[in-house]
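Asker: In case you want the letters, here they are:
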Amino acid sequence: MTSAAVHLQGVAKRYPHFTLDGIDLVLPHGQILGFIGPNGAGKSTTLRILMGLVHQDEGSVEVLGHSMPAAQATAKREIGFASEDLRLYGAATLAWHMGFVASIYPSWDAGYAEQLLRRFDLKSEQRIKGMSHGQRVKASLLLILARRPRLLVLDEPTTGLDPVARHEVLAELMAVLADESRTVLFSSHNTLDVEQISDQIAFIDRGRIIAAGDKESFLDRWRRLRLAVPSGVELPAVPGAVITPSSPHLAVVTTDRFEPALAAAYSDAGATVQAVEPMTLEEIFVTNVQWRRA
Amino acid sequence: MNYTMVRRLIGKDWYFNRAALGAYVGVGIASLLMLALGGETAFFAGSVLLITALIAVGIHLVMVTVVYERTNQTLAFVMTLPIDAREYTTAKVVANLAIFGLAWTTLFVGTAAVIAGRGAIPDGLIPYSATILGEIFAAYCLILAVAIVSESTNWTIGAIVLGNLMVQAVMFIVGNVPAVAADLKTNVVVWREPIVAVLGIELAVAVLAIASTFYLQSRKTDFV
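Protein chains in written order, with numbering that gives the first Met the number 0: chain D, 0 to 293; chain V, 0 to 223.
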């Protein structure tokens, strides 16, 4: 048994036109992992494997100490899963869904559910089919949050939401995350959302995890240097730094291993360091994907 | 096996289908009244209506509880609950057999009672009716199995077509066995060998379909 909330090791799943391969992922208890990847990268497949909904061809999956998919029924008692392609029963009201979920999970917190109804501006007597997309997403979140799961697995929960609904959902997630015993795995292709709430980041592309680590070190390590390069000056090749000429006498260096010595090395070579800029998570993600695909 | 969860899922399917079940059984009872009270035309129309009501309730149940659950993406909601594939399959099979069985048993007993109770209808029709209603039950099990295993609208429609063709085939083949055809006009209930053989085949198809469902579901690796 591992002490991590989520531990995937060497996980592979093969489909005729897509392969998820060599997925290693560790998420300690109480941490929030932002799982970022373009559409079709394998985020949803990974999360479904983690939930036991899709069985891996190879590798081991352990969630909250339960081996998946064998122990999925037990594990899912403590996991709240929301996905953009998960729907509630359109003909039933939210109140029926709340009663149904409450009858299954002894941990259901009716008081908290009432709070969430007000906070999300939902009406429990409304049928699901009469709700907007944003209301449906919030209803799904209410159903999983009110049972207070130890692990939240959220697959693109903010996709398709208007800015107000997105803000409400993210604010509630932030509130939930104040409980440090709660672990969250949050997939998105919206890096802004992930940047706001995550402690850990993992990038996935074409079925492989291409980078993973804690968010602050990602943001600290990645820098963009803008250099003036006089004629005849040759920039030194530095591991982890990619030089992109932007004009005859200007160059942009992107690095995932920034330290002040790097700027000094370019200065010593005769270039002028005009700026050392931090990069957003989105820029880091896009650059990472481009490097791997190159 | 988490029986509590299985019961909850059966209760869910009952909740969503009880009104439709009531409507179909109501149509079935109306058809029995036509058999019980009407003349020759009403007898023919009532028979067709009874068979149609039973076939329709079966199709309705399978489409709503299995196929639409997949196409409407509520299956993902169900599969995130604390259940595994075996419990899901058990809940689906039991819920469907229980709800359909309620309608089927009601209309089967009603049909036998109407035939036995009305002097103008030969009692010899009871074994023949049993083979037809038995075929509807077997076809239902087959359609249910195909729907659960394939989760496909197209495959399910194919099974529905096959099931209904088999109903027509049983009506024609059994009704044209000379000895059985002769019994249809008498007031004696005779369970002749061809009738028993057909009932046996129908039972075997039903059992095989349900057993195959559990076997094939146990080998499935993707549930959403």
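A hint or two may mislead.
[As the list claims (entries may be wrong)] Some chain D residues judged to face chain V by a derived CB distance under 7 Å, without partners named: (1) LEU52; (2) ALA72; (3) PHE80; (4) TYR88; (5) ARG117; (6) ARG118; (7) ILE127; (8) HIS188; (9) LEU191; (10) LYS214; (11) GLU215; (12) THR271; (13) VAL272.
[Claimed, not checked] Okay, the calculated beta carbon distance ranges per label pair: (14) D/TRP290 <-> V/GLY157: 18 to 28 Å; (15) V/THR51 <-> D/ALA90: 48 to 58 Å; (16) D/MET173 <-> V/GLN72: 42 to 52 Å; (17) D/ARG292 <-> V/ASP221: 19 to 29 Å; (18) D/SER131 <-> V/ALA112: 25 to 35 Å; (19) V/ARG85 <-> D/ARG220: 12 to 22 Å; (20) V/GLY10 <-> D/HIS28: 26 to 36 Å; (21) D/HIS16 <-> V/PHE43: 49 to 59 Å.
[Unchecked claim] A few chain V residues that don't get close to chain D, going by computed Cβ distances all over 12 Å: (22) THR3; (23) ALA180; (24) LYS184.
Derived by calculation from the structure, the hints in this document are not laboratory data. Every value quoted in this text rests on a predicted model; they were computed, and no experiment measured them. Glycine residues also receive a C-beta, built at the ideal position from the N, C-alpha and C atoms.
Asker: Flag every earlier hint the structure violates by its number, smallest first.
Answerer: Hint check: 5, 6, 7, 8, 9, 10, 11, 12, 13, 14, 15, 16, 18, 19, 22 fail, others pass.
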